Each structure stands twice: as C-alpha cells, then as structure tokens.
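A.B. asks: Take a look at the letters that make up each chain.
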Amino acid sequence: MTMLIPALPSPAPTGAGIFSTRSHACDARHLLGLEGMPRDTLLALLEDAAHERAWLASGAPNRSDLAGCSVMLAFIEDSTRTRTSFEIAARRLGANALTFSAAASSLNKGETLLDTMKLFEAMGAQLLVLRHSMSGAAAYLARSMGATGVVNAGDGMHEHPTQGLLDLLTLQDAWGGEFRGRRLAIVGDVAHSRVARSAIAGLTTLGVSVTVCGPGTLMPADVEMLGCTVAPAVEDAMAGADAVMALRIQRERMEGGLLPSLVEYARVWGVTQERVALMKPEAVVMHPGPVNRGVELEASVADSPRSVILKQVANGVAVRCAVLKRCWSAWRDAA
Amino acid sequence: MSTLTLFKGVRHWKSGERITVAVEDGVIVPMPKRGHEHARVIEVAGAVLAPGLVDLHVHLREPGQSGKETIETGTRAAAAGGFTAVACMPNTVPVVDTPAWVEWVLHRAEGAAAARVYPIAAVTQGQKGEQLAPLQAMAKAGAVAFSDDGHPIASAAMMRRALEYARATGLPIVCHEEDPTLRADGVMNEGFTATRLGLRGIPNAAESVMCRRDADLAELTGARVHLAHVSTAQGFDALRDAKRRGVPVTGETCPHYWTLTDEAVGDYDTDAKMNPPLRSAEDRAACIAAIADGTIDCFATDHAPHTADEKARPFAEAPFGIVGLETALALTITHLVLPGHLTLARAIELWTDAPRRVFNLPEVDLEPGSTADLVLFDPDAQWAVEPELFFSKGRNTPFGGRTLHGRVLATMMGGRFTHLAPEIEFEHTLVLPAAETA
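Chains as they are written, first to last, in my numbering: chain A, -9 to 325; chain B, 1460 to 1897.
Errors might be hidden in some of the hints.
Unchecked claim - Output of the computed footprint for chain A on chain B, the stretches with three or more beta carbons under 8 Å from beta carbons of chain A: (1) 1657 to 1671; (2) 1773 to 1785.
To be verified - Taking CB as the label site, the calculated pair distances span: (3) A:E245 to B:E1776: 22 to 32 Å; (4) A:E111 to B:E1776: 17 to 27 Å; (5) A:E245 to B:A1571: 44 to 54 Å; (6) B:K1599 to A:D212: 46 to 56 Å.
Stated by the list, open to error - Lysine to any residue pairs mimicking SDA-like chemistry, simulated, CA-CA at most 25 Å apart: (7) A:K108 to B:D1728; (8) B:K1770 to A:E101; (9) B:K1770 to A:A92.
Read the hints as simulated data drawn from the structure, not as lab findings.
Given the structure is predicted, the values throughout are model-derived calculations rather than measurements.
Glycine included, each C-beta is placed from N, C-alpha and C at the ideal position.
Please put together the full structure from these sequences, using the hints given.
C.D. replies: Following this line, the structure appears as structure tokens:
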C-alpha cells in the first residue's frame, strides 16, 4: 500500500458558491429572460420598441444600426413567426442575418449544441438568437460561450422574453400606457408555457396583477410563487379583468394523458364571447399563436375587434429591433 | 517486520476520553509493557479516533466507466474522506449481475483499492426488472446486498419474487425508490424552482409510493429491504411507519438531503442535479428530524462521479449525481453536529457501527483484537472544499467553495495508512510502558 498524501487545501474559500452568480443575466449582451429584469429596463425597451414600430410602419429604408453585426438565427426547434420576425428586425437594422436550420445540421451527427454554436462564434457571429426545446439552453450558451451575445427566442418551458416584451407593448397600448392597477387573466397550459412565464415575470414587475387558470394537469407546482394568483375557473379569472391571454394547447397533451379531449377543453376553458363579456368593456384578447380556432378561442372572438393578436405580431418585429440594438450595443461596449 | 503505531492522547469517539491506541500487525493491540524499537507515534491535540467510516452506497464506475471513476480513485477518495469500507453499486457497464463480475470487482479491489470494497450485485439481469439475476451464486461470490439502483423495479410482482428469492441469502435488497411513471422525464424536484426554470419536476410521491409498496412487500415476504437515499418527508414517514409495524426495513439518507434544498439548482447548476433530487425546505427539515429520532438507520453518500464534459451539458441532458466521499464527514459535523441535531458520537455511529449492522459487515471498535480500520479526525478544523483537489475523478459537487468543519487527519485500513493529511508528523520513538503514555 502506498502512502496517499494530498495537497493541503488552502484555508480561503474559492468564492464559487453553490448559487451561480447570474452575472450573465445582468449582462446586456444577452437577453435570457424577463425574470429579474428591472422595471426601468423593461420600460426603456418598450419605449424604444414603440419608436421602432413607427419607423417600421413608415416604410423608410433599412438603417445601419447593426451594420457589421452578424446575427445567427439558430432555431433548433421549429418556429415560423418568431424566426421570421427576428429576421425582418435584423435585416431592417442592417445586420447580416443568417439562419441555421437544425434539421440539416451536424447536430444530427453527434456534435454537441455548444460545439456547434462555437463554430458560429468562430465564424464571426456576434449575436446568437436561439430557439431550443430545452429549458435553460440560452442561459447555458451564454455561460459557456465567449463573447457572443445570446438572445433567447424561446427555451423549452422556461422563457420567451421577446414574446413577453411584445405582450407588454400590446398591453401598454391597450391600457393607455398605464400598467398599475390592471389585471391580466392567463388561461390554459401554464405548465408548459414559456410565454406565460415571461409574461408573468414582466407584468408583475410593472405592477400588473396576473391571474392564471387552467386544468389541474397543466398548472405547474407552486405557480403562485411566481407572483400570480390562481383562479379555480376561467369565469373567475376573467371576471373584471383588463385583458385575457389564451395559451396554445398542444395536441400531445392529450396523448400524455393530461387532457381528455379538445372538445372538453374548449367547453371548460375556451375563451368564448360569453366569457369575454365578463371582462371590462375595453378589455382585449391575446394569444401567442398559432391559434387552434374553436379550442383556446371561439372563432368569433379571434376575429372580433377585442382581439389584438395581429397587433401582437406587428409589435414582435418592433420589440426585436429594440432588443437586437440593445444587445449589439452592449457587445460593442464589451469588445 | 512489524511496526507499532500509537495514536497517543486522542479522544475516544464515543466517550470523549483521552486514550492511547496501539496498532500492530493490522490489529489493535494492548499497550506494550516494554520498549519497542520501531514505533510511530501520532499525537494531535483534540483529534478524535473512531472506527473507519463505511459508505453503503457508492458508484465506483468499474467495470466500464473508468472515465468517471475507478475502483482505485474511488477508494482513494473514500480514504481521504475517512472511509475504510465502501459498498459499490452494480449499475456499471456491463451490470454486475453474475458471480464472475462480483469476483472481478473483488479481484480488482484487491490490487488497487485503498478501502475495503463490498460489491452490491444486481437484483435482475441487466437491471432490466424482468428476470432474476443469480442471487444465490452472487451471494456466495461475495455480494453483500442486491440492488437495481438507478433502475427501480417497476413491477410489484417482480419485486415480490426478488424478495422471496433473496430471503434465503439473508442479504437485503437495496431499493432506489422511485415510481418510473411518476418520475417520467423529470429532472429536478417538483416545486417552485422547477416551475420558475421551466424544468420537469419529480414529485415526492414518486419516492414515497414505492417506499410504501416495498415495505408492504417486505412484510409479505419477510425479506429485508433497505431504502436507499431517502429524500422526502413522505419517504421518511413510510420508513417510520414500517418500523413501527415491525417490518424488516432499514433506510439511509445522504448529506446533501440534510444540507441543501432544490433552491441550490439556482440557475441550472448541474452540480446540484442528482436523483433523488434535492427537495424542499420542509423535506430537509423532515430529513433532520428522521435522523434525530432514529428513523434513519445509517448514512451513505450516493457518491456518483461524472466527467466534467458530462456535467457541462445543458441541465436536462446532464447526468444525475454528485460526488460525496470527500465531504461527507465534514457535512455531517457542520450541518448536524454543530447545530445540535446530533451528538458527535451518534453522528459517527451513523457512519460506522450503524452501516456495518445494516449490511452485516465485520464489527470494528477501538479495543484490542479489533481490526485496525480507523479514522483520526479533527472535528473543529475548518477547511474549504476545493473540488480540483479531490482524489475522486469526479469534481461534480455543489459544495465547492464552502468552508466546512471537520477534517480527516488520517485513515488506516488493516493497520496501514490509506490517507494522511500533510500536517501529520510521526514521532519515531522508543515506546514507554503503558502507565506512562496513557
């Protein structure tokens, strides 16, 4: 038996505590989520997005705010509206926008996500817009890569911060600019919804009350600790609300045994004309899309003047302009 | 040539009395009556001498996963943590599910191990939960228990047959209690942190329904069940209830369950990912209560090394498990003894006599005639956890950077030092008669 002699541990702690510092979350190169984003930052982004919206609508030529910036749009999970929206925003601001399609990629050849993304960094991409089915994927890359700014375009069931911002902008318009004292009802599959998590985080920071409701199988554990209240029925949630956000129901929820049928869901949780009438007269109806007509929303509600679904989509481009500018500016400051 | 070693003026782990213990030829001997030429003397003020610690639940990763750990590195880590014996889990590649593999582990340990290695063999072939492994033959080959750890036996009928068959060996079946359908694709504790991070949760009931099932099956069959790494308030209750009913069930828990909660996952920290997962503050309190009231029979680490690459994956893809051998004693002293939940003697018992009883391993004490499997430690010394200094190949610990109380100074197995802290100095001297050294 050999004598096993260790090096003496130094007396001072290394400083790497058990909780990560989340320094990357405060780094403006990245947009990983709306949780913890200060009120002032949220309002500044909304103000800038409102300016960009006016500019986008004016039909003015492309600008060069992002000249020299290569934006890699890495959509490892399928998306049409978010990817297109980011692409339009990036191009309108003069960035070099490239789309990475996972289906044809080396991700299928066993290369890790991180290794693949590092390739783009090596090729000179400064901003990475990531859509991934895994919660925490954006935070993971932000932590693991070098200088590249990471914009979360939806990570699993965690957050979808640009969706959250466009929802905030849409509500800001609908509510005449005042968030405080307002109440939003969120209906449906909160458990699997990154849209709901970003909306709850952003809205509660701005002083909005949020009520969630949905089938028990689609409510995450301890959801009220996110800062919202839980209503037992959709009528309770919508009564007197200033807006309702219906969440998309994925068909695989039926297969997973979480829902009996879409018909039952529509009957119990669907946002119908009758239920819309329970809200305040000026209250609006939102949906992140794509809508299952007749399921989350009655068709006539989706097409009614109360629906702001297409305004949400339009606001998406403006919000993404504001976000890309902020990240690019921080990237240059850090460089 | 035999060498006499003296632990001089150390404190007895149970009584706290100042004692001097002499070791020669691998066993504890009476204090010599006459002078002795080749004596090594260790004298550290305030140090406590105890039987070597025993860990009933480690993953040494051999055969097949030597990138994560080997029998050599894993037992070196054990020695550094004060352990002189470990029981290793069979979820290797291939699975230890034949007498030949049990013998292979023992043979491998003979040449390389810095601690006694007791193999735990699989309950079912390939840990698939379908067909019994040759339990009788593996018991003869040297297995000390059976377990499909990491792959809970889903079928209650299969579990019943396994217990009925294992009963003749007298060895316990060690159960990783987790209902596979309730766990589903969960990656951390179900609760606020999982909800906030958008990660799929594992509910407490995944553990407790299986604890209750297997307690009932132990009652039905009369065979012994040992509940591995119990983590939930409901799991502790199930164990408590089974004991109250006189069912032959024992249970262990691990340092991370009395130290941390699921908040430690923080921002997708994969070093806080293990299975069972870190639970809520209520579960942590229930863990400490179950330790204090005697529901828990012994401690174990569930030492589960992984490579840095594996742990650097995104949270959902990273493997479950943390290393534990080199922090176990200090976490026990820091989080159970110093806050007053346990006496030092009881805490040490849960790492020594208690696990030896559970697996029916040879007893060790500080009396002449006993095998010299010993640990000398300073319960008051503080040290900072630096994973890069671990003897284990695994650096996957959530305790990096923490300052803990309780430092292992020396570990001895069969009279030979398997670990020695660098500050320990031997005094080579002529030994005086007992009356003058005590």
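A.B. asks: Does the Cβ pair E245 of chain A, A1571 of chain B satisfy 44 to 54 Å?
C.D. replies: holds, 50 Å
A.B. asks: Return holds or violated for the Cβ distance of E245 of chain A and E1776 of chain B against the range 22 to 32 Å.
C.D. replies: Since the Cβ atoms of E245 of chain A and E1776 of chain B sit about 23 Å apart, the hinted range of 22 to 32 Å holds.
A.B. asks: Does the segment 1657 to 1671 of chain B contain three or more residues whose Cβ lies closer than 8 Å to a Cβ of chain A?
C.D. replies: Holds: 5 residues of the segment 1657 to 1671 of chain B have a Cβ under 8 Å from chain A.
A.B. asks: Quickly compare the C-alpha distance for K1770 of chain B and A92 of chain A to 25 Å and report which way the hint goes.
C.D. replies: holds, 23 Å
A.B. asks: With respect to the beta-carbon atoms only, verify the hint that E111 of chain A and E1776 of chain B lie 17 to 27 Å apart.
C.D. replies: Holds: the Cβ-Cβ distance is about 20 Å, inside 17 to 27 Å.
A.B. asks: For the pair supplied as a hint, K108 of chain A and D1728 of chain B, is the alpha-carbon distance within the 25 Å limit?
C.D. replies: Cα-Cα ~21 Å, so holds.
A.B. asks: Are there three or more residues in the segment 1773 to 1785 of chain B whose C-beta lies closer than 8 Å to some C-beta of chain A?
C.D. replies: Our answer is that it holds, as 4 residues pass the Cβ test (under 8 Å) against chain A, meeting three.
A.B. asks: K1770 of chain B and E101 of chain A: Cα distance at most 25 Å?
C.D. replies: Between K1770 of chain B and E101 of chain A the Cα gap is close to 16 Å, so the pair holds against 25 Å.
A.B. asks: A range of 46 to 56 Å was offered for this pair. Does it hold for the Cβ distance of K1599 of chain B and D212 of chain A?
C.D. replies: For K1599 of chain B and D212 of chain A the Cβ distance comes to about 50 Å; the hint holds.
The structure fails none of the hints (numbered hints given earlier).
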